Amino acid sequence: MSEVIDTQKGKYLTFEIDGDAYGLEIQHVDDIIGIQEITEVPRQPEYVQGVINLRGKIVPTMDVRIRFGKDYRDYDDRTCIVVLDMKGTSVGIVVDRVLEVTQISEDTISEPPGFENESDKKFIAGIGKYENEPVILLDCNRLLSQSESDAFSTTE
Amino acid sequence: MKKLLVVDDAEFMRRSLKLIFESESFEVIEAEDGYAAVKLFKQHAPDVVTMDINMPGKTGIEAIKEIKAIDPSAKIIVVTAMGTEEMIRESIQQGASNFIIKPFEEDQIKEVVKKLV
Amino acid sequence: MTDTPKLEPMLEMYVYETIQLIDRLEQLIMDSEVSGDLSEGMEEIFRIMHTIKGNSMMMMFEGIAELGHVTEDLFDYLRKTESVQPDYEKITDLVLDGIDHIKTSVHQLQEGDDPLEKPEGLIDEIKEYLDSLTFMNLDDATIAEDEKDESDQDKQKYYIAPVKGDEKTTSKPPETLRAYEVVFRFSEGCEMENIRAFSVVHGFKDNSVDMLHIPKEIVEDENAIDEIKQNGFKMLFRTGDSDESVRAYFDTVAFSEGMSINLMSNEDYDRALRTYLGLDDVSEDAVEALEQSEIIEPEIIEPETIEAESMKPDAFVDENVQVESDAVSTPMEDLPSQVADTIENEIGKDKQGENLDENQKIDVEKQGIQKSTDKKTKKSKPEVKSSAQNYISVGIPKVDKLMDLVGELVVSESMVTRNPDLVDVQLENFDKAVRQHRIIINELQDIVMSIRMMPLAMTFQKMNRLVRDMKKKVGKDIDFELRGQETEVDKNVIEQIGDPLMHIIRNSIDHGIESNDLREERGKKERAKIVLEAKHSGGDVWITVKDNGQGIDPEKILSKAETRGLLLKPKEEYSDREVYNFLFHSGFSTKEKVTEFSGRGVGLDVVARNVEALGGTIIIDSEVGRGSEFAIRIPLTLAIIDGMMMSVNKSIFVLPITAIKESFSAKEHDVIVDPEGNEMCMIRGVCYPILRLHNRFEINTECRDINDGILIMTEYDGNVSLLFADAILGEQQVVVKNLSSFLEKVDGISGCALLGDGRISLILDPAGLVNM
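Protein sequences appear in the order of chains X, D and B. When we follow the numbering used here, the leftmost residue of the first sequence carries the number 1, and every step to the right adds one. When we follow the numbering used here, the leftmost residue of the second sequence carries the number 1001, and every step to the right adds one. When we follow the numbering used here, the leftmost residue of the third sequence carries the number 2001, and every step to the right adds one.
Please keep in mind that the hints were generated in silico from the structure rather than gathered at the bench. Remember, it's a predicted structure, so these values are computed and weren't measured experimentally. Please note: incorrect hints may appear among the correct ones.
[Said to hold, decoys possible] Straight-line alpha carbon distances no greater than 30 Å define the calculated DSSO-like cross-link-like pairs of lysine-lysine that follow:
no.	chain 1	residue 1	chain 2	residue 2
1	B	K2525	X	K87
2	B	K2103	D	K1114
3	B	K2398	B	K2476
4	B	K2476	D	K1065
5	B	K2234	D	K1110
6	B	K2216	D	K1115
7	B	K2118	D	K1102
8	B	K2529	B	K2546
9	D	K1114	B	K2205
10	D	K1102	B	K2103
11	B	K2205	D	K1068
12	B	K2650	D	K1018
13	X	K87	B	K2401
14	X	K57	B	K2401
15	B	K2745	X	K70
16	D	K1065	B	K2234
17	D	K1068	B	K2216
18	B	K2118	D	K1065
19	X	K57	B	K2745
20	D	K1114	B	K2234
21	D	K1115	B	K2118
22	B	K2205	D	K1102
23	D	K1042	B	K2205
24	D	K1102	D	K1115
25	B	K2127	B	K2103
26	D	K1002	B	K2118
27	B	K2491	B	K2524
28	B	K2234	X	K87
29	B	K2524	D	K1102
30	X	K87	B	K2661
31	B	K2205	D	K1039
32	X	K70	B	K2650
33	D	K1110	B	K2229
34	D	K1018	B	K2546
35	X	K122	B	K2205
36	B	K2524	X	K57
[Stated by the list, open to error] Here are some chain D residues the structure puts well away from chain B; computed CB gaps all over 10 Å:
no.	residue
37	K1042
38	D1047
39	E1111
Positions of the beta carbon are idealized from the N, C-alpha and C atoms, including for glycine.
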């Protein structure tokens, strides 16, 4: 369960995928667990790996690398599942490793630059700075939207 | 703690009175008909009883009679809707101490009950 | 009342109880219309209206209260007057209109709004009807009245206020008696001051030797009320009680004001007594003689008084009834002003807007809803209450929690009995204990499951009402038959199925059933009929609406689909069923005109969606000229099912046992492949299609040779498929959980289940697997 924090605004959970640092607003993070067995569910989009049993609750998991169009990578002992909750829907995302919960002030956040890969751009809310390193801040909403078409909708 | 026995076949009425009197530190017992009224009266010996006299089966008046037979000093307040003067009169004849007419205000019922305990 | 928080629960209770009462009332009134006999339900109807009236008055809902009042009066009259021949249809219409008004008001209350405005028109109509009834019976009534008047003219005597000498007081010598003069008023707005005075008098009569009061006539005389209001009430009496107890008694008089209690000298008292009796010249002895006689209540003295009644106590019991029916003509105009008097506080005027849904109550133990076609003696509701059956209301979240826990209990039981530690260990006593444990858990499970299950009866009754109203409006003669009302479904289904059913029935009445003339023209001799039926079958509930109307014309639909470019293949290749499915497309309609009831037929797509949301499906069947049938299938969402586990590579599937006929290895039977590559198997002379699960679900498995795996003969709705899986793992009871809404729906998978070891298995939906 997420820690009780006075104000969750401006606090992000940072994690690493493919060497890059990413961040998600902490208010949407419900849980962080170590990688566990994922049960396949047939006929789902490629980035949906299946479901896990989280203390009796069935939570679908998504591999963000594949969502971002990257290659699949084997899981190791540092791979984690970050369980997000948006408006009652729980989804877990598999990440290479979790970094930490940190404050990223608004003034350090800048607009995302143009990316070659359209899909990346849609999920990104902005680029923040933490300890002088860029952190790609993700848009939880877009991430959790169900269909491919949603992800690529051009309403900005 | 004072005990109040509420007799009424409408659940709504029983609950309303219960709410009112529990907040006045009464222990409230509910009865939904005349039979239960007499039975619960014997069981709990309440300090005062409110009795709806428009109930089917054993009517309120019969219940009043029986309760008074068990305990002549029983304090019974008759609860009734308008237009039943004869019934009120008879219930008083049977030993009811007072009556109150629906719709009543919370203050009114409280006054009537409290005066009798 | 000024405590707002306290009213939320009261409003909620009021709404809850009123809804119960109204539903019951509707059932009663419609039954009586059908049976043509009001007598059975009359008493209960009267009682229900009385309760609604009382409750509504408490909540200050004038409109409903008065509606209840006039209806109560009507039924009071009906139940007491034998000679009356009521017009059933009219009464039913009036009551139903009243029910509608109350329903709508209650609905508004639920939304946090005020109830509807007082339905003046309807109230007047009911009053008028009652007047017309009484008028017809007037002759009998007037005779009775005249008789009464005569008998009472004789009894114009004075009596002193009741003194039934209590032994204590009468045996006391007069000197130890004290005389008192007590004067007081009643507070504003306390009503019925005369009776209140009477109760004060009556309450003390046993404690006093004699007593007189002014005004003299308090019970019979309504003028007394005004007198007391103006001049107060005065009591003079003699008593042997202590001063303390006298004062204590008068202290209990509620609503009294300006209470003054004064001792009188005995002489003053005697004088007053004489004047009172008009016996100034009479000796004391005479007075005493009077005192000792059996004295009863004063009777009327004023000739103007209309009501005349004997005052003997035992006369009360019967007279009551008579008097009440006279009271029917009690001025109703008084009612609003009385209610108005007590409206000083803003009870119920706050917008509560509480969320009833969350705290909705369901009654544990079925409410004993009487079958409408059942003509057994219907006990009025209160009688049922005083019998052994008791009901309690339980909040739904609690019930859900209970169900979840029972589900977990089943799983944990599995975890104990199928524990890897126990494999291969022979434990006889343990096994026995486990079996017993199992039995108990199963029973627990059944009962808990049944808590949320409710009969469809109420929903069906609503349809009854709908048909009745609609057929009148469109002017068609239609018989409506209900079957299987007692069929139970989950509460959730009851709530959601109403709208789709209404829509389908509306369609049927509006478009399906021909007008009376048209039917005659077409030579359809039998009456138009709609049958609404519910039944359990194979783990599902089937709810069907069948009519013998004109059916659905596939040609028309196809042409329409064509013009809209919806056809994917040549017309001829469409099966009838596929054609009917076009009706579920949004915006599809073959109707030229829109009617008030069914719109453009656009509703069917919404119907389909609603049904799907319940996990169900809807099928249409029809024959032109003969009729149509809409069948809704709803899976019983039993949270726990008996399933057969099977594996395909690492995936585990669970198939409900109810769908399995048998299983075997393909080796034992002939496998045939047709020119298109479809595999089939011949079993006892019949060919069944093979469905390879690994193909359907795109799972990589090493077991591809038909002879290596296992075939499971699965049946659904008359269709059979042979499912091909790697292996069968055994039977298990599993808790059904929905797959997240985040995932895409997969045809053939209805959910998932947690196995005893924590793994997740997917639950197969036979319907999606046999209909390909």
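Straight-line alpha-carbon gap B/K2205 to D/K1039, limit 30 Å: With a Cα-Cα distance of about 29 Å, the restraint between B/K2205 and D/K1039 holds, given a limit of 30 Å.
Pair hint D/K1102 and D/K1115, alpha-carbon separation not exceeding 30 Å: Distance of about 19 Å is within 30 Å: holds.
Restraint status (C-alpha distance of B/K2491 to B/K2524 at most 30 Å): violated, 40 Å
Restraint status (C-alpha distance of B/K2524 to X/K57 at most 30 Å): Since the Cα atoms of B/K2524 and X/K57 sit roughly 58 Å apart, the hinted pair is violated (cutoff 30 Å).
Given pair status - D/K1065, B/K2118, alpha carbons within 30 Å: Given that 30 Å is the threshold and the Cα spacing comes to 39 Å, the pair is violated.
Pair hint D/K1002 and B/K2118, alpha-carbon separation not exceeding 30 Å: violated, 41 Å
Restraint status (C-alpha distance of D/K1065 to B/K2234 at most 30 Å): Given pair D/K1065, B/K2234 holds - Cα atoms ~29 Å apart, limit 30 Å.
Restraint check for B/K2525 with X/K87, where alpha carbons must lie at most 30 Å apart: Violated: B/K2525 and X/K87 sit about 58 Å apart, past 30 Å.
30 Å Cα cutoff - pair D/K1018, B/K2546: violated, 50 Å
Holds or violated: B/K2476 to D/K1065, with C-alpha atoms at most 30 Å apart: violated, 57 Å
Agreement of X/K57 and B/K2401 with the hint, judged by alpha carbon distance not exceeding 30 Å: Holds - the C-alpha atoms of B/K2401 and X/K57 are around 14 Å apart, at most 30 Å.
D/K1042 paired with B/K2205 [C-alpha distance capped at 30 Å]: holds, 27 Å
Checked against the numbered hints listed earlier, the structure breaks hints 1, 2, 3, 4, 12, 18, 21, 26, 27, 28, 29, 30, 34, 35, 36, 39; every other hint is satisfied.
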